Amino acid sequence: MILRENALLRREVKRLTAENARLANAAQENVRLRQLLELKQNTPLKTIAAEVISRKPSNWFATATINRGRRDGVSPGDAVVDFRGLVGQIVEADLLSARVVSITDPSSAVGAMVRRSRSSGVLQGQASDYLALTYLPKDADVKVSDVVVTSGMGRVIPKGFVIGRVVRVMRNLTTGMTTALVRPSVRFDEVEHVLVVKRAKGQ
Amino acid sequence: MKRSLWAVFWIFAAAVLQGNMPTALSIFGAKPDLFLVAVITYSLGSNPVASAAVGLFAGIVQGFSVGASLGSFALTRMLAGFLGGFCTVHVFSENLFVPAGSAFVLTAVSELGFLLANPQIAQGPVWQIIVGESICNALIIVVVLFLARIGERRRKFRLIESRL
Numbered sequence: 001m002i003l004r005e006n007a008l009l010r011r012e013v014k015r016l017t018a019e020n021a022r023l024a025n026a027a028q029e030n031v032r033l034r035q036l037l038e039l040k041q042n043t044p045l046k047t048i049a050a051e052v053i054s055r056k057p058s059n060w061f062a063t064a065t066i067n068r069g070r071r072d073g074v075s076p077g078d079a080v081v082d083f084r085g086l087v088g089q090i091v092e093a094d095l096l097s098a099r100v101v102s103i104t105d106p107s108s109a110v111g112a113m114v115r116r117s118r119s120s121g122v123l124q125g126q127a128s129d130y131l132a133l134t135y136l137p138k139d140a141d142v143k144v145s146d147v148v149v150t151s152g153m154g155r156v157i158p159k160g161f162v163i164g165r166v167v168r169v170m171r172n173l174t175t176g177m178t179t180a181l182v183r184p185s186v187r188f189d190e191v192e193h194v195l196v197v198k199r200a201k202g203q
Numbered sequence: 001m002k003r004s005l006w007a008v009f010w011i012f013a014a015a016v017l018q019g020n021m022p023t024a025l026s027i028f029g030a031k032p033d034l035f036l037v038a039v040i041t042y043s044l045g046s047n048p049v050a051s052a053a054v055g056l057f058a059g060i061v062q063g064f065s066v067g068a069s070l071g072s073f074a075l076t077r078m079l080a081g082f083l084g085g086f087c088t089v090h091v092f093s094e095n096l097f098v099p100a101g102s103a104f105v106l107t108a109v110s111e112l113g114f115l116l117a118n119p120q121i122a123q124g125p126v127w128q129i130i131v132g133e134s135i136c137n138a139l140i141i142v143v144v145l146f147l148a149r150i151g152e153r154r155r156k157f158r159l160i161e162s163r164l
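So the protein lines, in turn, are chains A and B.
Residue numbers for the first sequence follow this note's numbering, so the first one is 1 and each next one is one higher.
Residue numbers for the second sequence follow this note's numbering, so the first one is 1 and each next one is one higher.
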């Protein structure tokens, strides 16, 4: 009798543990989706919500695939963001899916500026967890922990999306250039839900 | 023939699994390359020509999967396969540390070849990525070969028992 009750209770504990894990996961997802919804409501541009279905097929290319494609209005060049900031850019759009290249990919280059001083340059991927903000003037006003945002230069990625924070500033007196090392606010490996930001007409 | 079909199966499995590997599996920020794992595991028990052919096939599938550098993937994976087959003929032994070392070297050579063919991506901590990926691949290959040997031993025992 006690043995049977014990087995029954053990089974119940297992079931409740699994249910608890499922609910905790759902709660986390709920928070992420709420933050994404907030971003969608605060962005004046047209956006398309999407989910990452596969990421990084090679250590050399930081790319991911999302579950929205040409049929949903996604096209190459569109910016991809999540509630923490810029994730990357669409490079290829199929009918039902699209490929996103991360801002950390070495082939990626985004017009960016320091939010506090408005010093602008080009942010390049480094195949690592950091980005290099290059082409800043020698006397550019940039400090560690400054926030870097998209500058809208090149008219590809809209202006004002957070990219990350400056962690190191390197001033080269010979070339007269300043380079800032930026830690992205979004870890590409952790992105699940994103918004594809459509370019405004005429861009 | 049967081994080659298994290799093709594992290459397609790698294409599905490669993009969905958890970050916890990474060393120095680099995840294992399952295409290379499939090619090297196959090549460490086959002749150089067949291994090179499997490597070429894996490289083409990986190139399509990544959507870039198809030629570089095909050539470097073919090189890994050929050298793996060469290792089997000349240095491969029963000790599991030998295939582990071979897998490490083959991954590193293949990825260095890839970087030489694509110098534009050779930015940032490339050594960290190459070493991390090589360690990951070597560890996976050791586990795969260990399991394969246990399976083979059991199969032989069953065969002997059935004969007795």
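Everything labelled a hint here was simulated from the structure, so no lab data went into it.
What you are looking at is a predicted structure, and each value in this text was computed from that prediction instead of being measured.
Hints should not be assumed to be uniformly reliable.
So the derived label-pair ranges between C-beta atoms look like this [what the hints assert, rightly or not]: (1) B/Phe9 <-> A/Gly176: 56 to 64 Å; (2) B/Val16 <-> A/Thr17: 47 to 55 Å; (3) B/Gly67 <-> A/Lys159: 24 to 32 Å; (4) A/Asp94 <-> B/Ala148: 34 to 42 Å; (5) B/Phe9 <-> A/Arg183: 36 to 44 Å.
We put the beta carbon where it would ideally sit given N, CA and C, even for glycine.
Okay, the hints, checked on the actual structure:
In this structure the hint that B/Phe9 and A/Gly176 lie 56 to 64 Å apart at CB holds, the actual value being about 57 Å. At roughly 29 Å, the beta-carbon separation of B/Val16 and A/Thr17 lies outside the given 47 to 55 Å, and the hint is violated. Separated by about 29 Å at the C-beta atoms, B/Gly67 and A/Lys159 satisfy the suggested range of 24 to 32 Å. For the pair A/Asp94 and B/Ala148, the beta carbons lie near 37 Å from each other, so the given range of 34 to 42 Å is met.
At roughly 41 Å, the beta carbons of B/Phe9 and A/Arg183 sit within the given window of 36 to 44 Å.
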